[in-house]
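Student: Single-letter residue listing:
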Amino acid sequence: MTGISPAVVAASKLGLTFQTNDGPVQALSNVDLTIGKGEFVSFIGPSGCGKTTLLRVIADLEKPTSGTISVNGMTAEQAREKRAYGYVFQAAALFPWRTIERNVALPLEIMGLSKAEQVERIKRTLDLVNLSGFEKKYPWQLSGGMQQRASIARALAFDADLLLMDEPFGALDEIVRDHLNEQLLQLWARTNKTICFVTHSIPEAVYLSTRIVVMSPRPGRVSDIIQSTLPKERPLDIRETPEFLAIAARVRDGLRAGHSYDD
Amino acid sequence: MNWLKPSWQAVLAIVLCVIAIALGAMSKPEAAALADPTASINYPYLGTKGLMLGLVIVAALVSMVRIPSVAEAGVLFVCAHLVAWLLISGIAGFEGTALAPYFLLLTAAWLLGWRCVAVLSGLRPMAGSARNALRLIIPAIFGAWILIIWEAVTRGAGIPFILLPPPSAIGARIAGSLPVLGADVRQTIFKAVIFGYVVGSGAGFITAILADRVPFLRRGLLPIGNMVSALPIIGVAPIMVMWFGFDWQSKAAVVIIMTFFPMLVNTVAGLAASGHMERDLMRTYASGYWPTLIKLRLPAAAPFIFNALKINSTLALIGAIVAEFFGTPVVGMGFRISTEVGRMNIDMVWAEIAVAALAGSVFYGVVALVERAVTFWHPSVRGG
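Going line by line, the protein sequences match chains A and B. The numbers in the numbering used here rise by one with no breaks, and the one at position 221 of the first sequence is 221. The numbers in the numbering used here rise by one with no breaks, and the one at position 23 of the second sequence is 286.
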């Protein structure tokens, strides 16, 4: 660990090849990436570009076939076993037989926290995602946006410094999505966590991120990394400013370059 | 014509009554009395024939007037069952003498009962208690008419007792042999069925967990379990009697063999039912095999496991009763059925069948209630 701020995620020459019935598929190729503490990094790209795979490699849900990855200075597997990150999936994946508070308690139970500690953390994280008052509801009694917020609370409950989010708002309508994006930024500012965020929406990526990783497919690789010049304080109407539009245009150019490689 | 709402059941009931009036005598003694007015012949429905026909026609006409549905159902209910009761009680002493008008009148009353159930099914009450009451009343009327038609036809047509006794005779037999039936239930259900069900289902469940945990068992055991399920129970039962003796233990063994496999297969399928995303989630928590099993995979498998428990509740009863055909102490439901049929005591056989059906329904119902309580979260239970 050299440098001023220690890297939360460091990948070098990372590659992952899936063996399928149609022969090998190169999902990731030669990915070099360092993510520092407190960053909000978005991964954007067309489907098949390996953005979700990269997130799953960081989470140790997939094993890379070449290169190295370290999370919090450990191997990805050690980091997973130390519960170094919270993961938010594309769907809420709440257990329907548990109430919202029992769902949030799930990781805490597995980690063996005391009952009092669990109660305190459930209250705190549900406050954080504005779900207080819904503790006793079952997931199927809530709207899609509330379910996804509950799943974010579940990922936050055990206070991991790294939050991995895989298109968490992809299935929600635009109004709910805007609202949750705003809340996510506030939450990030309050907790100072490191967030890796997979999306295929350019405005979402630009609005949220301090850094945008543009990826392109076949083989999945990083084609551009854009440092955002937007201030940390971001009201929703920042999306109409020339600065915002300039970054969005750069991202779009990067995506287009990735596509033209294909043709 | 706004006050009229015709229904085909009511119209047909009136038509049947008109035909019955045209045909005249309802029974052979009545026909004889009509043929020879001077002779004093006693015949059924001396004073009630007009009443019954009148009740059917009036009820059918009232039901076609636009009145509140509850009132319509009430009129139909009272008249249909009053007519049925008059018909059945009137034939007493004249069994087997009924003529066509008797059956026409029975059919007309049944049509009114049908119309009554149709009207009740169309009701959409707001109060929960009324909805619950309707859920009970509709199948009750349905079941009652099966018994009414069975009773009226067997007695009106004089069907031989050996072929099909009327339900009243079966009921009387049940009431008169409660100690014997009680002893049979104790032997067959409380000993063989319950024990076999618990052990068989439990063994199937544990085997499924083992097969899930230990890969070589999954490859080796499941095909053999498959074969066990294909064992013909009729062939196995006498062998179990040789192995475990005449008493309930051998029947329990048959039940264990029968209930083991449905539980094994369903639990194995259920353990594979949890989603990839949920399993990945447990992986991100570095959750071990057992926490994942208890917190995710078993709850997700619960609908499958209860499916097996419901299937097994009926299989266990069948297995125990059939197994008793192959040797048993002089008590037990299967023993009673096989011996009483040989002694031509068909009503006792029916009594055992009725008790077995009742016990099986209660057994199934209890399992289904527990299922509703445990898998309240499943879309099939919470409705949507």
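Please keep in mind that the hints were generated in silico from the structure rather than gathered at the bench. Nothing here was measured: the structure is a model prediction, and the numbers come from that model. Ideal placement from N, C-alpha and C gives every residue a C-beta, glycine not left out. Take these hints with a grain of salt, some might be off.
In silico SDA-like pairs for lysine to any residue, Cα to Cα no more than 20 Å straight-line [stated by the list, open to error]:
hint, chain 1, residue 1, chain 2, residue 2
1, A, Lys82, B, Leu485
2, A, Lys115, A, Lys136
3, A, Lys37, A, Pro231
4, A, Lys137, B, Leu559
Facing chain A, according to a computed beta carbon distance under 10 Å, are these residues of chain B, among others [claimed, not checked]:
hint, residue
5, Asn265
6, Asp543
7, Tyr548
8, Ala549
9, Ser550
10, Leu556
11, Arg635
12, Val637
13, Phe639
14, Arg645
Covered stretches of chain B, going by a simulated chain A footprint (3 or more residues, C-beta under 8 Å) [what the hints assert, rightly or not]:
hint, segment
15, 307 to 314
16, 529 to 542
Student: Hint B/Arg635 vs chain A: min CB-CB distance below 10 Å?
Tutor: The hint is violated - B/Arg635 has no Cβ within 10 Å of chain A, the shortest such distance being about 13 Å.
Student: Take the shortest C-beta to C-beta distance between B/Ala549 and chain A; is it under 10 Å?
Tutor: holds, 5 Å
Student: Given B/Tyr548 was flagged as interface, is its beta-carbon under 10 Å from a beta-carbon of chain A?
Tutor: Holds - the Cβ of B/Tyr548 comes within 10 Å of chain A, reaching about 5 Å at its closest.
Student: Holds or violated: are the alpha carbons of A/Lys115 and A/Lys136 at most 20 Å from each other?
Tutor: Satisfied, since the Cα-Cα distance of roughly 17 Å is no more than 20 Å.
Student: Is the listed coverage of the segment 529 to 542 of chain B by chain A valid when you require three or more residues with a beta carbon under 8 Å from a beta carbon of that chain?
Tutor: holds (count 3)
Student: Return the status of the interface hint for B/Ser550: holds when the least beta-carbon distance to chain A is below 10 Å, violated otherwise.
Tutor: Holds - the Cβ of B/Ser550 comes within 10 Å of chain A, reaching about 5 Å at its closest.
Student: Would you check whether B/Leu556 satisfies its interface hint, that is, whether its CB is within less than 10 Å of any CB in chain A?
Tutor: violated, 12 Å
Student: Holds or violated: the hint that B/Phe639 contacts chain A, with Cβ atoms closer than 10 Å.
Tutor: With a minimum Cβ separation of about 8 Å from chain A (threshold 10 Å), the hint on B/Phe639 holds.
Student: Would you check whether B/Asp543 satisfies its interface hint, that is, whether its CB is within less than 10 Å of any CB in chain A?
Tutor: holds, 5 Å
Student: Is it true that the CA of A/Lys137 sits at most 20 Å from the CA of B/Leu559?
Tutor: Holds, at roughly 19 Å.
Student: Given a cut of 10 Å on the nearest C-beta pair, is the interface hint for B/Arg645 held or broken against chain A?
Tutor: Holds, because the Cβ-Cβ distance from B/Arg645 to chain A comes to roughly 7 Å (cut-off 10 Å).
Student: Per the CB criterion, is B/Asn265 less than 10 Å away from chain A?
Tutor: violated, 45 Å
Going down the numbered hints, you'll see the structure goes against 1, 5, 10, 11, 15, while the others check out.
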